[in-house]
Amino acid sequence: MLLELDHVDKIFGGLHAVKAVELRVEAGEIFGLIGPNGAGKTTIFNVVTGVYRPDRGRVLFDGQDISGWGPARVAAAGIGRTFQNIRLFRSMTAEQNVMVSGHRLHGAGLLATILRTASQAQCERQLRRRAHELLEALGLRAQAGDMAGSLPYGSQRRLEIARALMLAPKLLLLDEPAAGMNSQEARELEAQIRWLRDELKVTVVLVEHNMSVVMSVCERIQVLDHGETIADGPPSAIKAHPRVLAAYLGQEEPVER
Amino acid sequence: MSDAGSIGALAAAPPPVAPLPPPPAPPRWWLRGLVASAIVAGLALARLGLEALLIEYAQRILLIAGINVILAVSLNLINGTTGQFSIGHAGFMAIGAYGAAFVGVHLAPPLAALFGSGAFADGLTFNLALLIGALLAGLCGLGVGLPSLRLRGDYLAIVTLGFGEIIRIVFNNTQFLGAATGYFGDSPAGLPTYTNLFWVLLWVVIVISVTWNVTFSQTGRSLAAIREDEIAAEAMATPTTRLKVLAFTLSAAGAGIAGGLFAHMQSGIRPEDFKFDKSIDMIVMIIVGGLGSVSGAALGGVFVAVTLELMRDLHEYRLVLYALLLIVIMLVRPEGILGSRELPYLLRGLWQHARQLKSAANGKEAER
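In order, the protein sequence lines correspond to chains U and C. Numbered per our numbering, the first sequence spans residues 1417 to 1673. Numbered per our numbering, the second sequence spans residues 55 to 422.
Think of the hints as simulated: they come from the structure by calculation, not from any bench. Please note: incorrect hints may appear among the correct ones.
[As the list claims (entries may be wrong)] Facing chain C, according to a computed beta carbon distance under 7 Å, are these residues of chain U, among others:
id, residue
1, Pro1487
2, Ala1488
3, Ala1491
4, Ala1492
5, Gln1512
6, Met1515
7, Val1516
8, Ser1517
9, His1519
10, Ile1530
11, Arg1532
12, Leu1583
C-beta atoms are modelled at their ideal positions from N, C-alpha and C, and glycine is treated no differently.
Next up, chain U with everything else stripped away, as it sits in the complex:
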């Protein structure tokens, strides 16, 4: 089990955002987390990545209890993420954005940096090469030198994925990666998500409202509503699940004749 949420609660004042959620993700899965707006999906991401501390329950990653760790420590342990409201380093180039997350892979110390030694230059070259591989894989090679803030919306979302992959994560949390993409871009994204699981061996957890993307790439889906799990299973089962339909479309009123 790569990621395990054990009875996690998160409460904001009077709002019980996440209620006793159990979540299990196997290594190598593409896992979908869906639900109507306000269901607690992003809150779960923030609990896992250390932005929030769970009020009750534990978060286990790779067998280790990571509840209460800070975001940088969680990221260093191997959990990469993207943000629902894109958080790129806007006035840095695409290449620089990706290179930032290589901080941990970069061996050069302060003295080597100040003196710009040969080994430091070697580290920089390796980072740049890796960044370019990732940019190429996500179809952003031509934009490597462009300011992140000037890229089109879909490219910004893909750049966030490239930046998270630079951490060499075991687990990647994607928060609405297809938002703002047209159907062509969304299909490319599906291929890219499968590619990063198959080739980079990254486990993926996906929060997404674009149902065609979710149903096509996810192998297992968990549905949340009002902070509670209401269904869990393969896409085919989720599509037909009565509580899911009720949560998304509303309950059918009994009609009196």
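Mind docking chain C on chain U? Use the hints.
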């Protein structure tokens, strides 16, 4: 990982792009030694030339400009590159100044006894004094940074402001450093005046090189990432607090160097040389030059030194004019002289543009 090209077939065909040229390898050590010696020789010549050509008043402006450049470039690392707001830089300058003055006074006799009084002993005393001053300032930067850099924006500004004032008041009440009268060393002649154009220019080169190398490295990129979006930077495993403290410490050490050069430029230093408005002057330098640009900060430092001196004849009115000038600059060019650009890249871009224009013109003539 396997070939990254496998996705290429799935994604839309990428437009053909020329492969990026590999970044240049750093020059070999002997070549660097050669360049460094050439720079030192060049600065020594520059000093002789400038001292022969310029009147003493102009030389003094140049010294102040150099010290300003060091202050601005070091402050820019924390305020520009890292995006934190520190307004206590005069405090670190004061620590460097008092530290270097005290060490200079007390280290000179033993070193002169050891090496004989002369240029070598003087140079050694002076640079050791500068380094110790910078070390003290850097340690204070570390001490202030560790607890306070968890604060953001205005809160950090208030802490640094308070720190600057505390330092000044401490010196104002420290008897063995002359308290409010100022520190003039032990001899009636005052502090030894080691500072000259050679040393100032040399330290300008050193501080700019160090800052440049830090800014254009993985460390610098991470610092900029903290400025751009601290939450995202943390999610990318950036050790934000450690990096901020590092930037703050380096920045403080730079101010310490500037303080030491300042102290040994005259016969004494007084606490009121390091008042709050000195910190504001430094903020003005980096904002006028272009926040986040190393060369911009350097330009801003020169600009402030020269304008303040040019307006000296206006007496009290110069502050009014100075303020007006700043308002005009902020209205006309709010991003500063260079913005976030760097002068070398800007010049290279202009040069390439000019060459393109020229070759285009040549091509037209050839058609005729």
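Hints the structure violates: just list their numbers, smallest first. As far as the earlier hints go, not one is violated by this structure.
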